[in-house]
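Which chain is which? The protein sequence lines are A and B, in order. Per this note's numbering, residue 1 is the first one in the first sequence, and the count goes up by one each step. Per this note's numbering, residue 1 is the first one in the second sequence, and the count goes up by one each step.
Just so you know, these hints were derived from the structure itself, not from any lab. These numbers were taken from a predicted model, which means no experiment stands behind them. Using N, Cα and C, we set each Cβ at its ideal position, and we do this for glycine too. Hints may be right or wrong, so weigh each one.
Unchecked claim - Just the calculated beta-carbon pair ranges, DEER-fashion:
no., chain 1, residue 1, chain 2, residue 2, range
1, B, 15, A, 16, 48 to 58 Å
2, A, 40, B, 15, 26 to 36 Å
3, A, 80, B, 51, 42 to 52 Å
4, B, 93, A, 41, 31 to 41 Å
5, B, 80, A, 9, 24 to 34 Å
6, A, 18, B, 51, 47 to 57 Å
7, A, 62, B, 1, 20 to 30 Å
8, A, 69, B, 23, 16 to 26 Å
9, A, 80, B, 15, 29 to 39 Å
10, A, 18, B, 52, 48 to 58 Å
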Amino acid sequence: DTEVTQTPKHLVMGMTNKKSLKCEQHMGHRAMYWYKQKAKKPPELMFVYSYEKLSINESVPSRFSPECPNSSLLNLHLHALQPEDSALYLCASSQVGRSDYEQYFGPGTRLTVT
Amino acid sequence: GQNIDQPTEMTATEGAIVQINCTYQTSGFNGLFWYQQHAGEAPTFLSYNVLDGLEEKGRFSSFLSRSKGYSYLLLKELQMKDSASYLCVSDSNYQLIWGAGTKLIIKP
Numbered sequence: 001d002t003e004v005t006q007t008p009k010h011l012v013m014g015m016t017n018k019k020s021l022k023c024e025q026h027m028g029h030r031a032m033y034w035y036k037q038k039a040k041k042p043p044e045l046m047f048v049y050s051y052e053k054l055s056i057n058e059s060v061p062s063r064f065s066p067e068c069p070n071s072s073l074l075n076l077h078l079h080a081l082q083p084e085d086s087a088l089y090l091c092a093s094s095q096v097g098r099s100d101y102e103q104y105f106g107p108g109t110r111l112t113v114t
Numbered sequence: 001g002q003n004i005d006q007p008t009e010m011t012a013t014e015g016a017i018v019q020i021n022c023t024y025q026t027s028g029f030n031g032l033f034w035y036q037q038h039a040g041e042a043p044t045f046l047s048y049n050v051l052d053g054l055e056e057k058g059r060f061s062s063f064l065s066r067s068k069g070y071s072y073l074l075l076k077e078l079q080m081k082d083s084a085s086y087l088c089v090s091d092s093n094y095q096l097i098w099g100a101g102t103k104l105i106i107k108p
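From just these sequences and the hints, can you work out the full model?
Rendered as structure tokens:
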């Protein structure tokens, strides 16, 4: 199984809503990532978890709150978002230890903030 | 600073060959990835080069010159399904630095 799954596929939320994005992988990868991708731009790294601990936070606003409840799951909790946060949110996973390990991406959640 | 340059868009004909170039100036360079991304989909891994030279994988080949800070992705026998964005990604200081991507348009 080389699949990373993400739910939901699409999400529309208001600026006062609280929602969560979910990501799951069963490849035994111990590194998991959240990326944000705007149209016609490359993915931007948001967070990295290594062995279920947050290892990189790329100065992401606190309205985005990641959580890694176990080695297979990664969540991104959203609260009080802004319209400019509308984007494709990608989850990825890889082996731990070196950045040359291939990252496997999920299909993404397309988020629209109204 | 960290910088990756690749053309914004290229057009090629079905059945032909196309070369997508990438130049990088990144510190702590370890190697270079190429990812393919179809519109509205997630990136998928194509190749990773750490040593100088050409690595061939079916219709796709990737080349690296560390001394010149240069890489290219070569696609042969182009098919319509190869229409996608191709992202050059530098593995630097144990982080990934993403290029803006080259949108490849294949015409019949």
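Verification of the hints:
1. Look at residue 15 of chain B against residue 16 of chain A: about 54 Å separates their beta carbons, and that is inside 48 to 58 Å.
2. At roughly 27 Å, the beta carbons of residue 40 of chain A and residue 15 of chain B sit within the given window of 26 to 36 Å.
3. At about 48 Å, the CB distance of residue 80 of chain A to residue 51 of chain B agrees with the hint of 42 to 52 Å.
4. Judged by the Cβ atoms, the range 31 to 41 Å given for residue 93 of chain B and residue 41 of chain A is violated: they are separated by roughly 22 Å.
5. As the Cβ distance of residue 80 of chain B to residue 9 of chain A is approximately 25 Å, the hint placing it in 24 to 34 Å holds.
6. The supplied range of 47 to 57 Å is met by residue 18 of chain A and residue 51 of chain B, whose beta-carbon atoms lie about 48 Å from each other.
7. A beta carbon spacing of about 27 Å between residue 62 of chain A and residue 1 of chain B agrees with the range 20 to 30 Å that was offered as a hint.
8. Checking the proposed 16 to 26 Å range against residue 69 of chain A and residue 23 of chain B shows it is violated: the Cβ atoms sit about 42 Å from each other.
9. In this structure the supplied range 29 to 39 Å is violated for residue 80 of chain A paired with residue 15 of chain B, their Cβ-Cβ distance being about 52 Å.
10. Range check, residue 18 of chain A to residue 52 of chain B: about 50 Å between beta-carbon atoms, so the 48 to 58 Å window is met.
The earlier numbered hints that this structure contradicts are 4, 8 and 9.
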